[in-house]
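J.: Listed here are the chains, written in short residue letters.
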Amino acid sequence: GENVEQHPSTLSVQEGDSAVIKCTYSDSASNYFPWYKQELGKRPQLIIDIRSNVGEKKDQRIAVTLNKTAKHFSLHITETQPEDSAVYFCAARSVGRRALTFGSGTRLQVQP
Amino acid sequence: NAGVTQTPKFRVLKTGQSMTLLCAQDMNHEYMYWYRQDPGMGLRLIHYSVGEGTTAKGEVPDGYNVSRLKKQNFLLGLESAAPSQTSVYFCASSITSGGEGEQFFGPGTRLTVL
Numbered sequence: 299g300e301n302v303e304q305h306p307s308t309l310s311v312q313e314g315d316s317a318v319i320k321c322t323y324s325d326s327a328s329n330y331f332p333w334y335k336q337e338l339g340k341r342p343q344l345i346i347d348i349r350s351n352v353g354e355k356k357d358q359r360i361a362v363t364l365n366k367t368a369k370h371f372s373l374h375i376t377e378t379q380p381e382d383s384a385v386y387f388c389a390a391r392s393v394g395r396r397a398l399t400f401g402s403g404t405r406l407q408v409q410p
Numbered sequence: 009n010a011g012v013t014q015t016p017k018f019r020v021l022k023t024g025q026s027m028t029l030l031c032a033q034d035m036n037h038e039y040m041y042w043y044r045q046d047p048g049m050g051l052r053l054i055h056y057s058v059g060e061g062t063t064a065k066g067e068v069p070d071g072y073n074v075s076r077l078k079k080q081n082f083l084l085g086l087e088s089a090a091p092s093q094t095s096v097y098f099c100a101s102s103i104t105s106g107g108e109g110e111q112f113f114g115p116g117t118r119l120t121v122l
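Top line first, the protein sequences correspond to chains F and Z. Residue numbering for the first sequence follows our numbering, starting at 299 and increasing by one per position. Residue numbering for the second sequence follows our numbering, starting at 9 and increasing by one per position.
No lab work stands behind these hints, which were simulated from the structure alone. Among the hints, erroneous ones may be present.
No farther apart than 27 angstroms at their CA atoms in a straight line, the calculated lysine-lysine pairs in the BS3-like style are these [stated by the list, open to error]:
1) 78(Z) to 65(Z)
2) 335(F) to 22(Z)
3) 369(F) to 78(Z)
Label-pair restraints from in silico Cβ distances [unchecked claim]:
4) 367(F) to 38(Z): 49 to 59 angstroms
5) 67(Z) to 410(F): 33 to 43 angstroms
6) 61(Z) to 394(F): 44 to 54 angstroms
C-beta atoms are modelled at their ideal positions from N, C-alpha and C, and glycine is treated no differently.
Next up, chain F with everything else stripped away, as it sits in the complex (with noise of 0.2 angstroms):
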């Protein structure tokens, strides 16, 4: 099955500066890519999306990456927030495969 690995597990930035997550993915035939922000002692929310026949997604402040050959995606947070403090997850899906397969999640701290 998929295995979707997160890096880094924890990451601290000072207010203003970007802040980049990464993930790999195992199954080559995967073609949706979501990340979700959960903040503490909440519920995870969807913040972005790319699908595999797109290379890049942008939506304000943040913006996803996929490089299909190397099997990776990024997300990349510019001009951080506190608000921005939370863990974000990201996940992909295989085709074929009815559900999502999440990675272990990374604690983004933005120090004001």
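Go by the hints and put chain Z onto chain F.
T.: Below, chain Z alone, put in the same frame as chain F:
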């Protein structure tokens, strides 16, 4: 719209006891999922359902059973709870398969098994 709701929010069980967690969604979604979340391990899929009356195993199904008798409800059962099942349980639903499209999560149930 309430979205996805879970009952109960917290529960403490003794080893060997049984319980059922209820998930309800009012968005008319076909797909529903049960995950467990443990520190450093992300969200792991226990069971899922692609429609009323259907269920399927996920990554970590052992020790759990599920039922989807009504489209809006997805029940997760623990027949004989073990300390290894101490976790936070999240239910989710989506309108399309495999989360290709947003999965909407419930608020979670924190379960402790002593």
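J.: Which of the numbered hints above does this structure break?
T.: Violated: hints 2, 3, 4, 6.
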